Amino acid sequence: QSALTQPASVSGSPGQSITISCTGTSSDVGTYDLVSWYQQHPGKAPKLMIYEVSKWPSGVSNRFSGSKSGNTASLTISGLQAEDEADYYCCSYAGYSTFVVFGGGTKLTVL
Amino acid sequence: QVQLQESGPGLVKPSETLSLTCVVSGYSISSGYFWGWIRQPPGKGLEWIGSSYHSASPYYNPSLRSRVTISVDTSKNQFSLNLRSVSAADTAFYYCVASPGGGGYLYYFDYWGQGTLVSVSS
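Residue numbers (my numbering), protein chains in the order written: chain C, 1 to 111; chain G, 1001 to 1122.
FYI, nobody ran anything at the bench for these hints, they're computed from the structure. Note that this is a predicted model, so its numbers are computed, not measured. A few of these clues could be false.
To be verified - Cut-off 27 Å, straight-line C-alpha distance, at most; resulting in silico cross-link-like pairs (DSS-like, lysine-lysine):
#, chain 1, residue 1, chain 2, residue 2
1, C, Lys107, G, Lys1044
2, C, Lys68, G, Lys1044
3, C, Lys107, C, Lys55
Claimed, not checked - Away from chain G, derived, C-beta distances all over 12 Å, residues of chain C:
#, residue
4, Gly30
5, Gln40
6, Phe64
7, Ser69
8, Ser74
9, Glu83
10, Ser97
11, Val100
12, Gly103
13, Gly104
Where is the CB? At the ideal position from N, CA and C, for every residue including glycine.
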């Protein structure tokens, strides 16, 4: 069982927006603004999409956006495209002992 | 641009030690990143194993701490993972990663190797 809770799957049609939630606790997401999101296509390594809750790495489309409220972080993808179909993982710093926790992953299907 | 490449045996016997190396290119391993490992059992989610700075004590996943050693070799610009007493549950894709951090913090993982599958079987 993963430390952070994500929905197993979400879906949307091209052009629509979807949001993936990531629920943690006051020991991780709720305390630290160190939530990151990763996209993983089949057979590929994960790719950093959002860091520190809402920042974009160089080269990542601004169709991807991140936010946080309380113990829940969210990833929103606007203007869905076929290439967005992938697995998405959230991650949070969790203090000086546990350090890092991941969500179980969400499979995004573009209909 | 940081590039990471894992290498090591694809098959390890139960109770033995899994050893992987990650070669870093395009960046000096002594220059400010934490170097670590994340694994992913086939069809499952990601699990952070640990991360180390070249001149500081490593950070380890508490659930694996008793079996894991991560070391950084600045002379070869590479770092390594040793996971002792493996079982079938350790079968996974192993990714080497780079992350900014410091002062007890790890921020995010912005560079990843392509991953290598290690199976544990007799």
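Here is how each hint holds up against the structure:
As the CA atoms of Lys107 of chain C and Lys1044 of chain G are separated by approximately 11 Å, the hinted pair is consistent with the 27 Å bound. Distance check on the hinted pair: Lys68 of chain C and Lys1044 of chain G sit about 25 Å apart at the alpha-carbon level, within 27 Å; holds. For the suggested pair Lys107 of chain C and Lys55 of chain C, the alpha carbons sit about 22 Å apart, so the restraint of at most 27 Å is met. The beta carbon of Gly30 of chain C sits about 16 Å from the closest Cβ of chain G, which is more than 12 Å, so the claim that it is off the interface holds.
Against chain G, the non-interface label of Gln40 of chain C is violated: not every CB pair exceeds 12 Å, the least being about 8 Å. Remark: the non-interface label on Phe64 of chain C is consistent with the geometry, its nearest Cβ contact in chain G lying 14 Å away (cut-off 12 Å). With a least CB separation of 20 Å from chain G, Ser69 of chain C remains clear of the 12 Å interface cut-off, as annotated. With 12 Å as the threshold on Cβ separation, the claim that Ser74 of chain C sits away from chain G holds: the shortest Cβ distance comes to roughly 17 Å.
Glu83 of chain C, annotated as away from the interface, keeps every beta carbon of chain G farther than 12 Å; the closest lies near 19 Å. Listed as outside the interface, Ser97 of chain C is inconsistent with that label: its C-beta sits roughly 7 Å from the nearest C-beta of chain G, within the 12 Å cut-off. Listed as a non-interface residue, Val100 of chain C fails to keep its Cβ farther than 12 Å from every Cβ of chain G; the least gap is roughly 4 Å. The beta carbon of Gly103 of chain C is not kept farther than 12 Å from every beta carbon of chain G, the shortest such distance being approximately 7 Å.
The claim that Gly104 of chain C is not at the interface with chain G is violated, since a C-beta of that chain comes within 12 Å of its own (minimum 5 Å).
Consistency note: the structure conflicts with the earlier hints numbered 5, 10, 11, 12, 13.
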